[in-house]
Every structure is written in C-alpha cells, then in structure tokens.
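Chains A and B, in that order, are what the protein sequence lines are.
Each residue of the first sequence is one higher than the one before, starting from 1 at the first, in my numbering.
Each residue of the second sequence is one higher than the one before, starting from 1 at the first, in my numbering.
Do not rely on the hints blindly, as some may be mistaken.
Each computed DSS-like pair below joins lysine-lysine, with the alpha-carbon atoms no more than 27 Å apart [claimed, not checked]: (1) K376/B <-> K118/A; (2) K5/B <-> K390/A; (3) K56/B <-> K94/A; (4) K47/A <-> K94/A; (5) K321/A <-> K5/B; (6) K45/A <-> K68/B; (7) K15/B <-> K383/A; (8) K15/B <-> K45/A; (9) K10/B <-> K331/A; (10) K379/B <-> K118/A; (11) K68/B <-> K376/B; (12) K383/A <-> K10/B; (13) K379/B <-> K94/A; (14) K376/B <-> K331/A; (15) K117/A <-> K376/B; (16) K390/A <-> K379/B; (17) K172/A <-> K383/A; (18) K331/A <-> K56/B; (19) K383/A <-> K56/B; (20) K376/B <-> K314/B; (21) K331/A <-> K5/B; (22) K81/A <-> K56/B; (23) K383/A <-> K5/B; (24) K45/A <-> K376/B.
It is worth saying that the hints were derived from the structure and are not from the lab.
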Amino acid sequence: MNQWIEELQTELLNGQVLTDTADRVSYSFDASFGEYLPEAVVQAKTKEDVIHVMKIANRHHISVAPRGQGTCLSGGPLPVKGGIVLDMSQWPEKIDVRPDDLIAIVSPGTITASINKKLESYGLMYPPDPSSAHVATIGGNLAENSGGPRGLKYGVTKDYVIGLEVVTPEGKVIRTGGQTIKNVTGFDLTKLLIGSEGTLGIITEAVLKLIPKPPAAQTIMAVFDDVESAGKAISKTLTSGILPAKMEFMDQASIGAVERYQPSGLPVDAAALLIIELDGHQEAVTKEAADVEAVMNELGATHVTVPATQAEAARIWEARKLVSPAIAAIKPTKVSEDATVPRSQIAPMMEKLQRIKEKYHVELVVFGHAGDGNLHPNILCDKRDTEEMKRVEQAVEEIFQAALELGGTLSGEHGIGTMKAPFMEQELGNVGVEMMKRIKDSWDPNGIMNPAKMFPEHNQRLVLRHE
Amino acid sequence: MSDWKTLQDKLSYDKTFDCVQCGYCLPACPTYETMEKETHSPRGRINLVKMAAEGKIALEELEEPIEKCLGCMACTSVCPTNVDYASILEGAKETLASETDKTPTKTENFLFETFFPSSQWMNRLGSAAWLYQKTGLQTFAQKLKLTQLAPFPLSEFEKVLPAQTSPSERKKRSYRVQPPGKKQATAAFFTGCVMDGMFFDINQKTIELLRLSGVEVVIPSAQTCCGALHAHSGKAETAKALAMDNIRAFEEEEIDFIVTNAGGCGARLSEYDMLFEESSEWHKRAHMFTEKVKDISEVLVMMDGLSFQTSVKKTITYQPSCHMTNVQKVTHAPWQLIEQIPGISLREMSNPDFCCGSAGIYNMVHYEESMDILDKKMKDVNAVQPEVIVTTNPGCLLQMKLGIEREEKASKKEAIHLVELLMTASPQAKEPASEQEHVL
C-alpha cells in the first residue's frame, strides 16, 4: 500500500479512510459527466482531519478533490487525477444562529435546506435556493457559488458569506472576513474562495449573512403566444420599479413535456410561460401584483393567472418543478447548461438557441430563471449513441459562443469544473485566465487542490461521449 | 460476447441509464443515513451495478452494498426520473445468487428451507411456537440460553413473539364468512405466511372487520407465500412459481377484492404482472389479479361500513409500512380510519417514511445494521411520546416490539397492528342509511 495512505490511516480514525474498490467507485462520479477512480476516499469530520489530509497530501504531492453530496452539475468533485476524494458530507451539522448579529455560523457538511429550517423560528432567511438545497451541503454551495430562482432579487451564495475558516493546501488554517457586514480589511479573500471550486483550499466553517424573512408572497402566471413578447414582458417588469423574487420561464417544449409527464393544467399551445413570485409586506405585494398583471396584459399575454390561495400557487410551482423529471422522460441523458445573458438579451438568446436546435437536430428545451438571464438550455440525448453525442457536443459549444456573443457568461450558477474549462479563454481572454492561474499557483504551489478544474489542459475539448 | 449481453440484461444494465446521478435519493435512504457512505446509497448501488455490467469491477464488489439494501423503496418515491430501482436491485440479487460462489448464510438457509415455503409450514410453526410458549419450554430454553445458539439473535426476536393461538383454535377458522346485513362485496383474504403463522389473531380480526363492513370473506385454501422474501433474496424462479400458484388459487373464486393486511405481501401481490412478459397469457391473468389487490385499510375506507362505539383515550403514532407507502402507494387510508376512532390522539413522528429496519428478513440476516436503523426510528418515535405504535405489516410490528423491548427503561409503550387498534374501538356495522343506496 502507498505510504501516504498508511500515513492517513495512522492520523485518522478507523473507518474514515476508504480504500475498497466498491467505496472508491462510489466516489468516482457526480451529477455531471465522467468517472475518475480515486485511490482513497477520506471522510473528514473535523478541521483537524482536514489539516492531516492536506499536510500528508502536500508532502506526497497527492491531489485532493473535496466533495459534498456529489450533486454538482459541472464536475467539481471529480478526482480527475486520482488521489484523494475528501468527503465532507459526513461532517456533523452545525448551525449556530446569532439573531442579534443577523448571522449564522455553519459547518461545511450542513445540508443547505436545514439552515432555513432552523431559521424559520427566528423569522430569518438565508436566500440562496439551489433546487438541490435539500440534498446538497453548504460546503459544496460555497465552493461552487450556487444560485437558484431567488437569485434575481437576492443574489447568489457569495452575496451571503461574510467570513470563512479555510485549511490551505499546505495544511494551515486561516480565517477570512469576519462577522461584520462592513469589512474592508485587506483583500476580499472570502469572495475569492467562494466559487473557487475547491482549487484553493478546504472551507471548514462559514459565517452567513441573514435577512428578515418576507412575510407575504404572491405568484403570478402569464401565458404568451410568442417568446419575444415574453422576453419584453420580463424587461418591462424589471424596469417599472418592481423587483420580483423569482421570474421563471418555460418554453413550449418544456410545457409539453410536463403535461405529457403529469398533466398539470398548463396551456400546451402556449409558446412561453412566465411564472413570477413577488415577496415582501402584504400591502406592497398586493399593489405590485396588480402592476405586474397590467404589464403582462399590456405586452400581449393571452392569459394571466393570479392564484387566490397558497394551494393554487403551490400547484403552479409544482408544475415548474416537474420540468426536470419531465424532460428526462424524453431521453435518458440530460446535458444541463446554465449559460447566462444580460436580461435584455433573453429574446435574442432564445432565437439563437432555436437555430442551434435545428442545426444539430438535438432535443433542446429551454426553461429557467429568466429574470436574471440565467436560462437553462437542456439537451436530452442518449450517451450510448456516440453519433448523437458528437452533435450534442457541437451544440453545447455553440450555446456557449452564443451566450458570450451577447455579452453573457459560460455559467450562471453551476460552475466551470471539467465541462466548461475548455471555454474559459473565450470569455476571459488568455491574460485573464493567466492572472487566475497565477493566483492558483501561489495558493497551491504543488498543484494538489482539485487539479484539472476550471483551467483547461492543453488542447482540452468538451467530451460527453461514453468511453 | 452473447454471455456478456446476458449478464447485462440480467443486471438491468439499460435501466441504470435512467439514473442521472442527481443524488435526490440520498436523504431518503436509511442505509446512507446510518452507514454513512455513498456505497450504501441508491445512487451508489445503481452506479456499482452499472460498473459491474460494464466489466469495470468484479461482481463480488456488488455483494455487500446490494445485500445491505433494505429494499424499502423510499428512493423510488423521491426519484425525479423514475428509475426502476426495484428491477435493478432484484436483477443484482439474482445475478449474485447465480453467478458468484456466494453461499447463502446459515440464517438464510434456515429461513428459506424451514420457514417460508408454504403456509402449512407456517401453521406448524405457529402451533410449534404455541406449544413452546404454553409448555414452559420457553422459559427453559431461555435459561439454557438455547435461543442464543440460533444463527441469528433468536433470543431477541423470541422475546417479542406474540401469544400464539392454539392448534385447535386455528382449526376452527371458517373458510367463508357472511356479513351480518346485506352483502356489499366479496373479498378473498390473503392470509400471508408470517401473519397467519405468528399473528393468527390479527388475521381473524381482519376478517371480522371486513365482515362487519358488509363484505363476504373467503379464504382460498390453495394460496401460498407471496414470494416477496424469495424475490428479495435473488430466488426469482421460486418467486415466480409462487406467484403462479397464487394467481391460480384466487381465480377459483368470484371476488371483488384480494385483501391483505401485510404491507410487504400487498406490495408483492400488486406487482405480480411485472413478473410475466407483456401480452402473454400469464401477464393477463396476473393483471386481473393485481387489479383486485387492496390493503385492508383501503377496503374499509371504501366500504365505509363501520361505526366505532368505544372511545380509545390513547396517544398513538403511526409507523407506515415502506412497501405500502412506496410500492402499493397506500398512504391516506390508515389515517382516515384512525381519525374515525373517538377519543384518540394521533401524533405524527418526524421522518415517518424512514424504514424501521425490519425489511423482510433483513433484521435477522443483518442484525447489527438493522438495529442501527431501529435506534434512529425509536428516537423519532419517542420524541412524540406515544402510548401505542400502530403499524400495518407483521415485520414492522415485530421490529417495533423489538424496539420497545430494547429500550433501557421499561416502557409502557406497546406496538399493535392497525386492525387490532380498530377492534379495541368496538366497531359495529353501520345502519344502512337508506335502501336506495344499495341498489346497484
């Protein structure tokens, strides 16, 4: 056995270092593409565990891929270079709420949804709401800078983190930021680490900023005959002094898929659907709902629904939630992208997506967080069909190009990981990528932290085919 | 090459592609919670099966993760892409049983060779257990620690064995009973081998509740074990043969329903059609059978023929059977019945859908793992401080009794079947509301 594994076994408790084939295979994947077999899986439960792992790994130049619950859609926790998968999901949950400071101090293994469950009794809220929040760990959310529908009004993970405890690649412990909202001392390392995808260090504790929970909410659903009007209705709403909490979009293909999967009363002949949620005080929400309804009608919505009860609203959101499973019934493999464009470019982006769909003959459906330009073009395919997958790869490449041409970005909330690494230079330019690499090299001189993520290898291309 | 394809078919390789590895099954999986490894999660197991089918790992690597799956199917209720986990799991078990040198454990041999082959055996077992309890042999055996010599901690289970019905009482059972008033429907009762062997009394009460609801009840004598335990242990052929026996047995009667009072059996019976090739003769016959399968709670709610006379001033909690929830999809009926009982206070525990760890013979074959799961369940049970834990499946019932038995402080809690609870409330046949309603 490798000496470094023996050293890990000496420093950590029995059972925390997994080397059996079945265990290693079980940590070789995430919710994206590809399998990479680690040589060992270490289940860290304390800061000291992480320090031991990093010191040993750094001494022996063994790569370390940190992992939460493996729900990542961009390959973040994949051990591309073998080495160690550092499983953080078994770290005991800690949610230390300090209501007077409007903060919560959390452990990395805490399930994101548990935080809001705990905050309920304080009337507080941690806004980022990735759809996997009931499964994913906050540690994974921090590393990937996750977002969700509420991003439109409230922003993403990085907007709610004011301090971190981090174990460096050399096994030292630092604290960044602190417990105050205002803090301009030194570089903002907190923001640098959030979304660094495990390439700079291991987050062992985070200080989250909380906000009061809005007391009321109102859902509105608007149906459109054409995508362009829906796009205009989004822009018009956002420029009329109203900021909804969520503004979700469904195209005809996703509406049809939901109705075939589980009839939910959606208008199947509609070209586009907007589902909007306003939140705040009841009086304000009522007034804004009337305004939004007027905007939708003015821009040619064929039908606007303002549900009178919570149950009715819940049914609408349930239909929206069904999009993911419903489209999976079309074909088994789902390539889920999150290229994001400026809000004004939603309609042009929709047009480009339509052209890409026709050009490559792929099953492309579009839904997502339209209010913040974070559309989710999903391609349904079958990874056993290599010819089809080749077309999918080309279509995905063109989706990225389309987003960048419109002034957008490769990823709104899923992260770069392995899949989008080949396109980094297109967005950032070679100097931009080079400056990021310099930061990476000075943090992690031996290049052990989650290698092969974010930065492309020489001539790396997107490959989705099943080997 | 063709052998490889056969292996892939057997492992339901194609079905593994329906898993998009989103991980939404992780929070629902009891073994992921207690064993704390992706290896023991639904997503992990599906991936291992896929890897084995692709020849990337040896079949033997599947053995532990597959065997330690409870088969509670909670993952299938939360899966956003409807992965057919049941087929993947059973395929893997069958493949392991036939393709590897895996020898069944002593416990498995004991149970399959001696315990479950036919209802007659279970009857004999019930009678033997009665003899054992009545003659004082039980105390004798306990003193000699004989019960500890069984291949699994028999002594633990033996302590929670209910008082057994005597052989002469068993013989008195009528095989056809008529309702007190006008007959509204006819049901064939599926007795179940564990239920009839160990909980004969609950079966009799089930028949009585049906009768009071206006149902004529018949007990087809040719019925046999449902085959669930065999299927869950990779004995697919035996399981199929048992299914055919039962289909034949229940075709003999003109009936509206096939009623079970065991979630595990009910789930199996309700899936008989999946054992046969579509559009085959047997598939048709199986489909006719499954259409009629109903849990006792569903039938009682549907008939709406009972009124409860006695107030039951107890605080209870309800532990649903996983197979009833996740396979039969019966969730509301037990609640509706409990709420009809006057005076009762029903407190829902948190995570009611988390398996109790009984899972067929899991608690005997994997005792330690099962007790870890049970400990977690009892924590949730105790948080609502019930006097009574109500279940709908014999395995769960024994396991909950075991949970109570294992507690350090002697507790006054008891575990009973839903049918027993209903009987304590003195059910009576409702007066027919009006004559017209019954004219069909």
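Find the hints from earlier in the document that the structure breaks and name them by number, from lowest to highest.
The structure conflicts with hints 3, 5, 8, 14, 16, 17, although it agrees with all the remaining ones.
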